[in-house]
Every structure is written in structure tokens, then in C-alpha cells.
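S.K.: For reference, the chains in residue letters:
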Amino acid sequence: MDSHIRSWFSRRKWILVAVGLPLLIGAWWAFRPEKLWINQKVNEPAPFASSTDPQPLYTGRLEGKAHQTSGRATIYKTAHGKEYLRLTDFSTSNGPDVHVLLARSDDENLKQEIVKGQVDSVELGLLRGNQGDQNYDLPASVDLQKYDAAVIYCERFHAVFGIARLEQF
Amino acid sequence: MMLRDVKSKTMLALAALVFAFGMQVLANAQDGKAKTLETGTFHGKVHSTSGRATIYQEEKGNLVLRLTNFKTSNGPDVHVILIAVKDADDDANFLKSGVERVELGSLKGNEGDQNYAIPNGTDLSKFQTVSIYCERFNANFGAAPLEKF
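Residue numbers (the numbering used here), protein chains in the order written: chain L, 1 to 169; chain R, 1 to 149.
Since the hints were derived computationally from the structure, they do not count as laboratory data. Where hints are given, some of them may not hold.
Chain R is faced by these chain L residues, among others (derived, beta-carbon under 7 Å) [claimed, not checked]:
#, residue
1, N39
2, N43
3, E167
We put the beta carbon where it would ideally sit given N, CA and C, even for glycine.
Please model the complete structure; the sequences and the hints are all you need to start from.
M.R.: As C-alpha cells, then:
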């Protein structure tokens, strides 16, 4: 009687193993849980060699605030180490005393259309045209981690025409 | 004697000209200027995913998708696809509603810079979003809506 039960148990055990093991392997194959810990790193070069061309460092889309503004703002670095901001597909409304600034994207003053306080910014110069591609030289040693937004700003009325949050290219 | 001298000088000048022209052509060919067409950043969906996706057009005209500063979670059967939507959200069934897609291949690595060839004739005005897509579970790991560079 005792041995009968034991043999039944061992048979049951083998069935469990025979069914369970493939199930486990199947589950492992489907989920590959070890991949949660194992990374697969790659580092392919850019599909072209253009080390002498200016390299884009940061880029972002302009969004309109007080006036409709659109286009892209990109910060490039030349082979000589000079940095400049380039506006492309750019369009904003014309206005008096409009400047291009670098500012901090988390600046509370820039959240409104009309700035009330003091904006912590780097001046890049007067806006050359309200439409078209244009470049603005950056002063040497601007902290681009800190000043991570390009702003089209009307000094006279403290109006933010448009702002682009710059993200790493 | 004089005539031969002039002739050889002319020949020399011509050879120099041809050489200079040849170098110019070669320099232009080696310039290898790839145009940046579109770019966008990833936002993580089912798994946290970050980095930038950029589409370049090489001089030969072929399109290349490049992922930079890229990071996602590793997983089984993960693919890079272009989908015909403006953006993709955290809908686990996001491809079941018959969204058109272009397959770019298996994800080469879950971290690091990597390039994928885009099939010729892909209409980028239609396929506006890159998705890191787990084929097996129909899950969108992350998506990058592309905008004109």
C-alpha cells in the first residue's frame, strides 16, 4: 500500500517534470527575463564622414507665444570650436527692437507672453529678419547646459514672440 | 627645338589643369555631405526610452535613420519601424488598428548610436514616427515623432 502510493507519486513527479520543463523553457524563450539585466551596447559611426562640417549640438522647434512663430533653432559647433545659433524654416511676425536670446527653459518669467521680471539670458543680437534662415554667433563659453532655450524677444514691449527648448542633438 | 619646348609646356599646363580639375571632382565626391532631413526625440512608452532619432539623406540619395544618445530596455524580438501616424502613445494594441508601417530591422542594441537603412521610396511625409516595437508582445517601447530639421 505504502509502496503503491510512493510509486504513484514518483510517476506523477515525472509527468510534472515532463510537462513543466517545456513550459518553463517556453516561458523563458518568450520573455527572456535575463535581458532585464543584460544590456546590448552598440556604437556605430555616423553614416558619413564630415568631421570638418559644423556639428549640431542642440536643436529644438520654435513655438509661438505672443506672436505666431515657427521654425527650428539649432546650435552648431564649427571645426574651430566656434558656436553659433542657426534658425531654419523660420517665421515670426515683424516688430520693433526684436532680439534673439538664449535663456533658461525653466525660467518662470518666460512662461507668460509678456515678461514681468528679469530674464536671465545671453544676448545674441537683433533679429535680422522675421523670415528665413539666419545665424547668430554665440559668445565664447556660454553654458549651454544652463541656457537651454532660444527666445525671440521684443525688448520694447517685453514680449516673448517665440521660444525653442533646445535638446541634445 | 623652340617649337617642341612650347609644345611640351602647353602639354604640361594642360596636364596640370586636368589634374586640378580631377582633384576638384574627387574632393566634391569625398565631401560626402549627408543632408539632415528630420529629427525628433524619443519618449518612453511601455519601457522608458530616450534619445534622438534623425533621418539623413546620403549623397547617393538613400535614406538612413540614426539613433543617438539612445537608450531603451533590452527585450525579445525588438524591431525599429516607421509608422504612418503623427505620434504613438502607450496603447499596447497600437498597431492592431491597421496602422501602416515600414520595417527597418531588428534593434541592434538597446544602448548606443546606431544606423538603419530606410527602403528606397519610403514616403517620409506619411511615415512620421519612429517606434521601437516589440513584435512578440505588440508593445511600443518608445516612439519619436519626427519633425523637419
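S.K.: Evaluate each hint against the coordinates.
M.R.: Okay, the hints, checked on the actual structure:
Because the smallest distance between the Cβ of N39(L) and any Cβ of chain R comes to about 5 Å, under 7 Å, the interface hint for this residue holds. Look at N43(L): its Cβ gets to within about 5 Å of chain R, closer than 7 Å, so that hint holds up. Checking E167(L) against chain R: minimum C-beta separation of about 6 Å stays under 7 Å; hint holds.
The structure fails none of the hints (numbered hints given earlier).
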